[in-house]
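> As a plain string of letters, each chain reads:
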Amino acid sequence: MTTESLSSTWSPRWAITDTITIARRNLLALIRVPTALVFAIIQPIMFVILFRYVFGGAIRLPQGEYVNYLIPGILVQTTIFGAVGTAIGLAEDLQRGLIERFRALPMARMAVLGGRTLADVARNILIIIVITIVGFAVGFRPTGSVIAYLGAALLMLVFAYCLSWGFAFIGLVAPNSEAAQAITFPLIFPITFASSIFVPIASMPSWLQGFATYQPVSQVTDAVRGLMNDQPHGASTWTGLAWALGILMVLAPLAVRRYRQVA
Amino acid sequence: MPSEYAVEVDQVVRVFSKGAVRALDGVSLRVGTGQVFGLLGPNGSGKTTMVRILSTILKPSEGSARVAGFDVVRQSQQVRQRIGLAGQFATVDENLTGFENLRMIGRLNHLSAKESTTRARSLLHDFDLDEAANRLAKTFSGGMRRRLDLAAALVARPPILFLDEPTTGLDPQSRQDLWAIIEGLVEGGTTVLLTTQYLDEADRLAQQLVVLDHGKIIAQGTSAELKSQLGATVLVLTLHSTADAQRTGELVADLSDRVVRVEGMVVELNVECGPSSAADALRRVDAQGIVVAGLALREPSLDDVFLTLTGHRVADDVALAQPTGATRREHA
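If you read the protein sequences in the order shown, they are chains A and B.
The first sequence: position 120 = 120 (our numbering), numbered continuously.
The second sequence: position 73 = 73 (our numbering), numbered continuously.
Isolated chain A, as found in the complex (with noise of 0.2 Å):
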């Protein structure tokens, strides 16, 4: 190799190698870090066992089977906490000094944030496809066509990949991994259990239910949920989008702006 060789400053070609790169590493760790990986796969099986054996006999549903109401549910909100490791990466990345020897090389720029956002749409896929066979196992039956479920989980994966760049601008602002933990805990607790993933709004009190209704987690799980069991779902699929696009068009360029002071 000669310095020459590789002296163009940009371009496309190297853009996407090295956000493969990166997402490919991004993916490495985490199967090595077991926390990450229980994290990831095992804590959303709990949550399917829990709410379908512990609670689910307590939730009254107007229709339907719990546990089909149920894994549309859990799917949405796995695939939201998955956005949680992006903040804790990145955090970790700048604390340990990695972001900054990824400055020092030759590579393009954004690929940092491009590998882990894309690092966090491959790990998706497989919590998608683990949950739906852990789903069937407990007895989820869905009623929508094959298309429809496909429809569904590319619904989820645009939202958290949206909802990744807006973690990634938490990841990069925090001053540790564990301050950037503890900023999104608070921030995706309340839109998680206070939405239609778990139970019907209409079962939460009056002041709850506006909040609820119309924050994009229960649009979105509404739109999966509609998607995978047949039933009318209003625009929900739309608002849904119309969220994620809208995280995507404020937080992405605060993430990049950021990256740019930090590195």
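Since the hints were derived computationally from the structure, they do not count as laboratory data.
A quick note: this is a predicted structure, and the numbers were derived from the prediction, not measured.
Even for Gly, the Cβ is constructed at its ideal location relative to N, Cα and C.
Honestly, I wouldn't trust all of these hints.
To be verified - Below, simulated DMTMM-like cross-link-like pairs (lysine to aspartate or glutamate); rule was C-alpha separation at most 25 Å, straight line:
| no. | chain 1 | residue 1 | chain 2 | residue 2 |
| --- | --- | --- | --- | --- |
| 1 | B | Lys114 | B | Asp71 |
| 2 | B | Lys114 | B | Glu131 |
| 3 | B | Lys59 | A | Asp230 |
| 4 | B | Lys138 | A | Glu178 |
| 5 | B | Lys59 | B | Asp126 |
| 6 | B | Lys138 | A | Glu92 |
| 7 | B | Lys138 | B | Glu94 |
| 8 | B | Lys18 | B | Glu4 |
| 9 | B | Lys227 | B | Asp303 |
Unchecked claim - Cβ-Cβ distance ranges computed for the label pairs, FRET-style:
| no. | chain 1 | residue 1 | chain 2 | residue 2 | range |
| --- | --- | --- | --- | --- | --- |
| 10 | A | Ile125 | B | Gly142 | 35 to 41 Å |
| 11 | B | Asp71 | A | Ala15 | 21 to 27 Å |
| 12 | B | Ser61 | A | Asn176 | 24 to 30 Å |
| 13 | A | Gln43 | B | Val13 | 47 to 53 Å |
| 14 | B | Glu131 | A | Gly64 | 45 to 51 Å |
| 15 | A | Ile20 | B | Gly188 | 30 to 36 Å |
| 16 | A | Asp230 | B | Arg121 | 53 to 59 Å |
Position chain B relative to chain A; hints supplied.
Using the frame of chain A, we list chain B on its own:
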């Protein structure tokens, strides 16, 4: 564009905390191609800031710097293609194996997959890390991490290498090993800019030295030139009382052309010829009936350089620098 100098720094200023801290305060230097250049100074003197600017991680607040003839701000990508960076924090990816770390850096340097693999294997071998190739970096010892970090800096065969305190915190054997590796690189024609807190390290590796204090250059020259400013050896006399030490200080004052330091029961002075000055000092003290408790000759340390050049010790300097909060970020 080839340049006579591998590194050219002109009047670089870098401020932190909105100007409250001047980590670098008008530094200019030239590093010739193929040279080993040492930046010597205590924590908080601005060494790491300089390395971060030269490796395009930080932008200078004022002034300019060129590496291999390319401007570190306007032509940062060209600079990155020609440099390697390794440092005291050994920033390797803990969740990857030794091999995976090097291969990843190869890929990010835009080597082909095949070449990245070959290069990773041969570097692991060169750095005596064969057995650790398939172990996660988090299980590595400090010395192994440092070697892996240095190997990562060399993956793309950069003509210019920045080493930020390459041996800080290493055991003596690992230090020797790392020094030998660096010397090997220099023989191969690599230009090396290294920062260090240790005079012996600068002495062994660097042909040209700059001493930094509070972001300013306070001395420069070859190691020999700096030492001649200091006196080649430090004579240390330990007495039985502070009163004896005071008197001894006066008795031996003219053996050194520098200020004699008396601290407690210890007298220190820089001398040109250790053994003859020691014999001389003992005769004078003995003639006055003072009993010497201990005598030692040692190489001048960075502490001596600082005491001589600035009138304050390295430790004072660190204590002064830290409350400002500038050093944490600088070394992060």
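> If a hint holds in the structure, say so; if it does not, say that too.
Structure-based check of all given hints:
In summary, the hint linking B/Lys114 to B/Asp71 is not supported, as the alpha carbons are separated by about 32 Å, beyond the 25 Å threshold. For a cut-off of 25 Å, the pair hint linking B/Lys114 to B/Glu131 stands: about 21 Å separates their Cα positions. The suggested pairing of B/Lys59 with A/Asp230 is violated, with an alpha-carbon distance near 56 Å, which exceeds 25 Å. In summary, the hint linking B/Lys138 to A/Glu178 is supported, as the alpha carbons are separated by about 19 Å, within the 25 Å threshold.
Taking the CA atoms of B/Lys59 and B/Asp126, the gap is near 34 Å; set against the 25 Å cutoff, the hint is violated. A C-alpha spacing of about 14 Å is found between B/Lys138 and A/Glu92, which places the hinted pair at or below 25 Å, so the restraint holds. Between the alpha carbons of B/Lys138 and B/Glu94 the distance comes to roughly 4 Å, so the proposed pair stays at or under 25 Å and holds. Between the alpha carbons of B/Lys18 and B/Glu4 the distance comes to roughly 36 Å, so the proposed pair goes past 25 Å and is violated.
At most 25 Å may separate the alpha-carbon atoms for a hinted pair to count; B/Lys227 and B/Asp303 meet this at roughly 13 Å. For the pair A/Ile125 and B/Gly142, the beta carbons lie near 39 Å from each other, so the given range of 35 to 41 Å is met. At about 23 Å, the CB distance of B/Asp71 to A/Ala15 agrees with the hint of 21 to 27 Å. For B/Ser61 paired with A/Asn176, a C-beta distance near 26 Å keeps the hint of 24 to 30 Å intact.
For A/Gln43 and B/Val13, the hinted distance range of 47 to 53 Å is satisfied, since their beta carbons lie about 50 Å from each other. For the pair B/Glu131 and A/Gly64, the supplied restraint of 45 to 51 Å is violated, since their beta-carbon distance comes to about 59 Å. For the hinted restraint 30 to 36 Å between A/Ile20 and B/Gly188, the CB-CB distance of approximately 32 Å keeps it satisfied. Hint check: A/Asp230 to B/Arg121, Cβ distance near 55 Å, so the stated range 53 to 59 Å holds.
Of the numbered hints listed earlier, those contradicted by the structure are 1, 3, 5, 8, 14.
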